[in-house]
Amino acid sequence: MRGFGDLESVIMHMVWDHDSPVTVRELLGELRHERSIAYTTVMSTMDNLHRKGWLAREKDGKAYRYTATASREEYSARLMREALDGGGDPEMVLSHFVAQMGGEESEVLRTVVRRLTGGRS
Amino acid sequence: MGAALLVFGYALAVAWSVPVLLSRLTRHGVSARLGLAAWLTAMASVLASAGAAVVLLAGAAIAGWSRLAEAVCRSVTGRACTPVVYRGAVFEVPLGAAALAAALTAIVLVWRYGRGMRRAGQRARAHAEAARITGRRLPMKGDSAGGTGRRVGGGATVVLEAPQPAAYCVPGRPAAIVLTSGALAVLDRAQLGAVLAHERAHLAGRHHLLISLSRGLATSFPRVPVFSRGPAEVARLAEMCADDAAARRTGRPALLSALLAMGTGTAVPAAALAATGGPVTARVHRLLHPPRRGRHARYAAALACLTILLASASGLVTVFAGPIAGHFLPFG
Numbered sequence: 677m678r679g680f681g682d683l684e685s686v687i688m689h690m691v692w693d694h695d696s697p698v699t700v701r702e703l704l705g706e707l708r709h710e711r712s713i714a715y716t717t718v719m720s721t722m723d724n725l726h727r728k729g730w731l732a733r734e735k736d737g738k739a740y741r742y743t744a745t746a747s748r749e750e751y752s753a754r755l756m757r758e759a760l761d762g763g764g765d766p767e768m769v770l771s772h773f774v775a776q777m778g779g780e781e782s783e784v785l786r787t788v789v790r791r792l793t794g795g796r797s
Numbered sequence: 045m046g047a048a049l050l051v052f053g054y055a056l057a058v059a060w061s062v063p064v065l066l067s068r069l070t071r072h073g074v075s076a077r078l079g080l081a082a083w084l085t086a087m088a089s090v091l092a093s094a095g096a097a098v099v100l101l102a103g104a105a106i107a108g109w110s111r112l113a114e115a116v117c118r119s120v121t122g123r124a125c126t127p128v129v130y131r132g133a134v135f136e137v138p139l140g141a142a143a144l145a146a147a148l149t150a151i152v153l154v155w156r157y158g159r160g161m162r163r164a165g166q167r168a169r170a171h172a173e174a175a176r177i178t179g180r181r182l183p184m185k186g187d188s189a190g191g192t193g194r195r196v197g198g199g200a201t202v203v204l205e206a207p208q209p210a211a212y213c214v215p216g217r218p219a220a221i222v223l224t225s226g227a228l229a230v231l232d233r234a235q236l237g238a239v240l241a242h243e244r245a246h247l248a249g250r251h252h253l254l255i256s257l258s259r260g261l262a263t264s265f266p267r268v269p270v271f272s273r274g275p276a277e278v279a280r281l282a283e284m285c286a287d288d289a290a291a292r293r294t295g296r297p298a299l300l301s302a303l304l305a306m307g308t309g310t311a312v313p314a315a316a317l318a319a320t321g322g323p324v325t326a327r328v329h330r331l332l333h334p335p336r337r338g339r340h341a342r343y344a345a346a347l348a349c350l351t352i353l354l355a356s357a358s359g360l361v362t363v364f365a366g367p368i369a370g371h372f373l374p375f376g
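These protein sequence lines are chains A and B, in that order.
Numbers 677 to 797, taken from my numbering, label the letters of the first sequence in order.
Numbers 45 to 376, taken from my numbering, label the letters of the second sequence in order.
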């Protein structure tokens, strides 16, 4: 069972997987392979994504054709930049499993690992 | 006046002496949780007693106010300046002004901190949402390697496509734990469980609040050791608390090898290691050489005593400062 928030993710991944702009009806067809879902649900979710700036759309006859405003890779890269330097906001606290290390410290760790793995192989 | 000085003196003494003591007691991360509590209590104790000093100062100024007013009246009506006026002008007026300035400064600092926190919260929410949409859900079997499939704060665990190994948690409601595909590539199943347990411990312990609070205090009082050294110490001890939680859940070898794998970007089999001091190596060292039981108990007892002492002292000093000052100081 996926929550409603997940639908945004599912739809974005479907849009990214398409090479050309898609309509709500086209995505609905694909979504119905794996779940029963109403047209209005998909439409309002895509409308939300458009409002939040994830999707761009243009009128094609009666329906809209949607495209992603940036590729999956661009979003991932942007998130990683923000995660690593805090996006220029020193007050945003993200707890990294391993903090950024100085050159010396990471060299020490590397030596430890080399000794370990070298001794085993 | 004398009481305010005594309380302020106590705050200064704690602010300058306790950091030295605490960094010695917590250096090896013995009982990280107690160490964290002791640091936070020391900060709270200094803040509370400094605040109490300001209140006492304001009280002294207000108490002297009627005498001042009376004296001003008399001098306006043409009589000579009495010693009371002199005293009022020298002590009460500057005192009142100082207390007012301190109170206003405190209000501005708190307001600025609140604004920063709100903005950071918005950014974190936006970041978590973008990660949830861009990333893929971590398959639940990897998730359950941590012992449970439980989610913290309704948060999700998502995987971003990125070559560099990274794992972090984004606080908020809902919170999110973000891993990169680069991290999954260097971690085995048990190590992944350790990483997730570590991040969940951060979220469950609300460590982000402690860190942001200590950063806010450090920005407000950059020259006071108990505050300026706070953020680094709180962050370091919070990492160790999360390590303890993860080690309890998945065992030390899995956590240790996960730390090394993520730190170097190379897969590391779980095994015994030798190590050396930055914050990450300190964590490695601590996991390699866990403190002996007796030492652990001694450090824990010392930290607990210090915490209780600090927690009760600021109250006691404030209550008894008046009588003490009345007895031993020439003014009061």
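It cannot be assumed that every hint is accurate.
[To be verified] Ranges of calculated distance between the beta carbons of each label pair, as one might list FRET restraints:
#1 H694/A to R292/B: 57 to 67 Å
#2 A775/A to A345/B: 26 to 36 Å
#3 R292/B to R757/A: 47 to 57 Å
#4 A753/A to A147/B: 45 to 55 Å
#5 S712/A to R71/B: 55 to 65 Å
#6 A345/B to A753/A: 48 to 58 Å
[Said to hold, decoys possible] Selected chain A positions facing chain B (in silico; Cβ < 8 Å):
#7 L704
#8 W730
#9 L785
[Stated by the list, open to error] Far from chain B, by Cβ distances over 10 Å, these chain A residues were calculated:
#10 G705
#11 R727
#12 A732
These aren't lab readings, by the way, just hints derived from the structure by calculation.
Backbone N, C-alpha and C define an ideal beta-carbon position, used for all residues, glycine too.
- Query: Of the hints given before, which are not true for this structure?
  - Reply: Failing hints, ascending: 1, 3, 7.
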